[in-house]
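Start from chain A and add chains B and C according to the hints.
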Amino acid sequence: MTIELAVPETRPVPWTRRHLLGLEDLSRPELETILDTAEDFAEVSQRRRKKRAGLKGKVVVNLFFEPSTRTRTSFGLAAKRLSADTIDFTTSSSSLMKGESFIDTAKNIEAMGIDVMVVRHSSPGAPHLLAQHVGCSVVNAGDGAHEHPTQGLLDMFTIRRCKGRLENLTVGLVGDISHSRVARSNIHGLLKLGARVIVCGPPTLVPPSIAQLGVEISHRLEDILARCDVINLLRIQFERQRHGLFPSINEYARLFGMDSQRLRRAKENVLLLAPGPINRGVEITPEVADGPHSAILQQVTNGLAVRMAVLYLLCGQPPAEG
Amino acid sequence: MTIELAVPETRPVPWTRRHLLGLEDLSRPELETILDTAEDFAEVSQRRRKKRAGLKGKVVVNLFFEPSTRTRTSFGLAAKRLSADTIDFTTSSSSLMKGESFIDTAKNIEAMGIDVMVVRHSSPGAPHLLAQHVGCSVVNAGDGAHEHPTQGLLDMFTIRRCKGRLENLTVGLVGDISHSRVARSNIHGLLKLGARVIVCGPPTLVPPSIAQLGVEISHRLEDILARCDVINLLRIQFERQRHGLFPSINEYARLFGMDSQRLRRAKENVLLLAPGPINRGVEITPEVADGPHSAILQQVTNGLAVRMAVLYLLCGQPPAEG
Amino acid sequence: MTIELAVPETRPVPWTRRHLLGLEDLSRPELETILDTAEDFAEVSQRRRKKRAGLKGKVVVNLFFEPSTRTRTSFGLAAKRLSADTIDFTTSSSSLMKGESFIDTAKNIEAMGIDVMVVRHSSPGAPHLLAQHVGCSVVNAGDGAHEHPTQGLLDMFTIRRCKGRLENLTVGLVGDISHSRVARSNIHGLLKLGARVIVCGPPTLVPPSIAQLGVEISHRLEDILARCDVINLLRIQFERQRHGLFPSINEYARLFGMDSQRLRRAKENVLLLAPGPINRGVEITPEVADGPHSAILQQVTNGLAVRMAVLYLLCGQPPAEG
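Protein chains in written order, with this note's numbering: chain A, 333 to 654; chain B, 333 to 654; chain C, 333 to 654.
Treat the hints loosely; a few may be bogus.
[What the hints assert, rightly or not] Derived SDA-like pairs (lysine to any residue); straight-line CA-CA distance at most 20 Å:
hint	chain 1	residue 1	chain 2	residue 2
1	C	Lys382	A	Ala385
2	A	Lys599	A	Ile530
3	B	Lys439	A	Ser400
4	B	Lys599	B	Leu557
5	B	Lys439	A	Ala385
6	A	Lys388	B	Lys383
7	A	Lys439	C	Gln630
The set of hints was computed from the structure by calculation and includes no laboratory data.
Isolated chain A, as found in the complex (with noise of 0.2 Å):
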């Protein structure tokens, strides 16, 4: 009677990698590894012991240059139930205001003996210039609007989840496209597993360019709903609405937003998606988001595995050496 199963019975490819910075990179195996590995963590969470030793010893450092409540906080617990010393580093907090440049300051933290940085930055590519300049793995928790792949990797856990598969899905990505990270790393993600994906959103919000990823591109939700086994409502950032992209927040919600009415158009068993913190009455009308289509906490509860099996890829010792 084994307690500390803390690794897959069995897994597609052995993990090889040091750093996850992006879904683009991986493989469909290695995508199904880290899934595979999140079931065995999510499973984990249900028992009354929750702690596991797979990272004890290790330091695992939020290394943070844009606000962030809840990636940084399931980073750190995930880390914190893999037994793992956490440190918190926000720029507030940093010296990058005495002058220091950011790969000073992340090399100076990785001295102090690190073992993961778990990276969030306004720039895309900060996380990959990261990685080889340090000699500890990088996790990107968000880069600009290029990728954030945990949160397309509890994305496509949760689908997995709720429909016990990925593979021929319809999957809608509903919202400002253009500047998603969530958009990009859930189209790389759900291609390469099996899954069709459009994206759906304001000309303005959606660059004709992204049809080369493999998607398909519509402006008008109503044409789409019937199609979608999953509609992912992105998170609308009402800042974007300053520089003229961006239509009324009213007229926003009238043409994009999941209310009951348009839930009726959808497939009967439609898994509705959305990245929080949503804007209630925006995105999604309040009775929607509570209702029984709505997957939006088990996305959270979710991304707490995803992210242990992540970080126990990355540098986890397995139980009877832990």
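Using the frame of chain A, we list chains B and C on its own:
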């Protein structure tokens, strides 16, 4: 020989509540159970090995929508001493700035697998509202001017330790009764355990209706000095002065401050309490605050034991299974 | 076969101090005890299992009244690696804003059962004052322009590791000597361990009285280059410039900055130190900072070992009892 003693030998009643929202709700046996459990933890804190395993694998979040140092730190330490993982979530770093509601924020945090939420909020009843929406335990760490149950409990615990009992003692609560959640929790708890309570302060800060709770009202500290076994000097919040409810600081200190001269007219073994941080020279003069009658620092120490007891009763596991 | 090696095999003297307030107070054997103990912990940090039990159940609080990233993080990690519980207490979140005094704040925190207070404060002597009022251990993490003992220790530790000894080495401290607590701790420690110290900087920033400590004074970096085995390039605080004490940044860099050209005139195996965060291109050019003579990142790594040693000596328990 048991090292891991973390449960009291005998308890008045088995504990059944999931939340601690206020002392108004608790029965006398329930109050006694908390105080008795705190007694065990106070004893544990004196040992060389202070760490207990009762909350191992559990997650306690400090969800504070008002600034706080000592209450937040005390709960955090209590949780850590019981081997829980802890998260600090304060407004400044929160998603609330992105327009998310209080309940949405809490439900999202809960979805990460939280076992206890310790909540401070400026709105009376906020923890009660929260308790209706989440599946985890909720501890009220102060809701507006309503209740601050663990402060009430640590005041009672300190009195019981110093005086040997609460029954038939006379306790004076001095200061701004109208706006004090500490006063309200003390009143509910003390009356239930058989103490007499006199509230004392300027007429603008003592609502006549408070007599309905079963307390005596006084507006002159001199009048009650000789009768009090315990005097609890509530903290003056200077910001009230702006609203015209408050005499000048000097006048307050002259009329209601505890100094050596007044102390001489009090009972010989009077016990002085004050929920910190104290304003030296206002509610209490430095020589009295640091003198032999004052239990101000013991209150802080006892706060840890009381909060360990509360967390343990709400979601702890007995050592054998821990 | 011992895995839990956390105490040095032999120690010059048994450790008896409760506080670490400054290197001025320490004897040569005491300094050597710290460095030898740090040597053990540096070795432990190279192992796969880096976690030690020496401070299990102990509580270490970072009580910082000045902003800091690296020192605070380094102490926090050192404490965690020794299995202590840690609390961060910085001014911004503190009760000091409510008018509480420094000592009151500290005594209240201590009453929660703190074992070690790591204190940074802008007033010279603040940690010494604190040590007179609390029962726990106090570590000075920087008090105004007075001392920063663990920085001095980590500089000395880095020199000893790189050069094999401190005795009879010549160490140049370059920069703003007047306002540098790092300089002061280095001077006290280095002289006691038998090194020679030359301080070097513009006349406005090198007080002539410092010669009384037993150091040589120079105002031209060129004059001392050929004699120094180690050059410690102190951090320039740009805010000093406003007070007219400081040449322009460009002029400072031209006169006192370390670049490839100056490096060629230094000893062939000169060791370059710099307490971060460095201003690249001011105290040191990027190519020299990242070059083979620089031990800047080793200093950070060694800081962890030194702080583990200090915390362990002040309040740790040997493994058998841990």
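Of the hints stated earlier, which fail here? The structure conflicts with hint 5 only, although it agrees with all the remaining ones.
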